[in-house]
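Colleague: From first to last, the protein sequence lines are chains A and B.
First residue of the first sequence: 1, per the numbering used here; consecutive thereafter.
First residue of the second sequence: 1, per the numbering used here; consecutive thereafter.
The hints are simulated quantities; they were obtained by calculation from the structure and are not laboratory data.
It does not matter which identical chain is meant; a pair holds if it fits inside one copy or across any two.
Listed below are the simulated SDA-like cross-link pairs for lysine to any residue, each with C-alpha atoms no more than 25 Å apart in a straight line: (1) Lys111 <-> Gly93; (2) Lys111 <-> Glu18; (3) Lys111 <-> Ala19; (4) Lys111 <-> Ala91; (5) Lys43 <-> Ser67.
All values reported here derive from a predicted model rather than from experimental measurement.
Number of protein chains: 2
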Amino acid sequence: MKPTLTIVKVGGNIIDDEAKLQSLLISFASISGYKLLVHGGGKMATRLAEQLQIPQQLVDGRRITDSETLKVVTMVYAGWINKSIVAKLNAMGTRSMGVTGADGWIIESHKRIHPFLDFGYVGDVDNVNTSLLHAWLEQGQSIVVAPITQDREGRLLNTNADTIAQELAKALSAHYTTTLIYSFEKKGVLRDLHDESSVIPSIDSETYSALKKENLIHSGMLPKLDNAFTAIAAGVNKVIIGDASDLTQLLNGGAGTHIIH
Amino acid sequence: MKPTLTIVKVGGNIIDDEAKLQSLLISFASISGYKLLVHGGGKMATRLAEQLQIPQQLVDGRRITDSETLKVVTMVYAGWINKSIVAKLNAMGTRSMGVTGADGWIIESHKRIHPFLDFGYVGDVDNVNTSLLHAWLEQGQSIVVAPITQDREGRLLNTNADTIAQELAKALSAHYTTTLIYSFEKKGVLRDLHDESSVIPSIDSETYSALKKENLIHSGMLPKLDNAFTAIAAGVNKVIIGDASDLTQLLNGGAGTHIIH
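Here chain A stands alone, though its shape is the one from the complex (with noise of 0.2 Å):
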């Protein structure tokens, strides 16, 4: 039988909140076996940039990354959030390791290509090396990860976390029983944006195929739930999407919108 793995997407508007932070990470900690924890970048990085007077240019909730902005996440996401979270997690008992997707090389990545648009320095990635990641696991730790990648040319790349988590999460799940929890601000995936009670408990692939088709699906889930159903498409265990302040509800079952292939 496979070890279990857990991996945690944390979303920035939890990396805001310094008490829902704490209490996510209190939860994590708690986790048994092994797990890994991806967050995004939050407000830090817009409110330095402004501070910084780089002008910020948001595509489809895409950053456009020039190189001011590239050393701006970096810096955010690479040093202060991922160093952070980590320092946290070892006064806490559980011994952990921040990397970005340049550490060890463990995510291969090239900059996107656009027909018409350029992104700048935003990276897709090509392909995750498990070896190191279970090798770290194996020695005990937690890896924490931020969300900025690198290319062949050596050139560092802000990548979509919620995409991280999943490709890692599909990666891993050649050595690991794997659950993805993705966890941000909301109860779940909602029926009525506005009604954290309407949760919908769980979506299969055809469900989401026409709540698609009717519109119900707010355009910001999008994204987030095409990542959920790749990563079960490909053989993670089992996806949900729910608040971070449940974290231990949404591992139990007790919460969140479990996705179903």
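Could you slot chain B onto chain A? The hints should help.
Modeller: Then chain B, alone, in the frame of chain A:
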């Protein structure tokens, strides 16, 4: 026989100069055997603090690190500088991982205690956990260390890079025949600060005491030399101080100042 390990500390002025850094990394990549690079901060942190209007205070060359300055140095050292170096080394074929003392909690430190001065979030090293470093090196990776550590309360601490290099060299010399190189922008320890040809080829502790008595050591060199003598006294095989652009010659014994027990 113990395997060989080369630890290179690279100073801030080299980090600030893209061409010099690139040349240093090419030389570092060509070193055979296990290797580890410790980098300082450079002017980027000072510049960023200025841009963010965070007042900076230096006492005896040490930065007083308030909470805002801690964010700046963690972002710059552990974020941008560390990951840029790692990505460049990977692209050169030298598989590398970047860490701080918090990652895997490889360096335990405490907030500096001083009779009358509060240095803020500045760390002094208590202990190096060599087993993870050893395992990471055995995995075939070079390790790139940013000068940030953490204490038992989960606080990140700004920590002197020369000291980190010395502490790592000391601790790892139990497993490896270790060479420690302090590389910076000078040819070595100079008799005359303004004459690059006045390099002292070797200094033993007696000569060092004599030179200090005569005030012939530039004050900026004193902590570096103290670290160098601490390392050599504790069993580090070779300690050499010299120009980052002479890295290969420093290792061959053809340049720099050799520290002798």
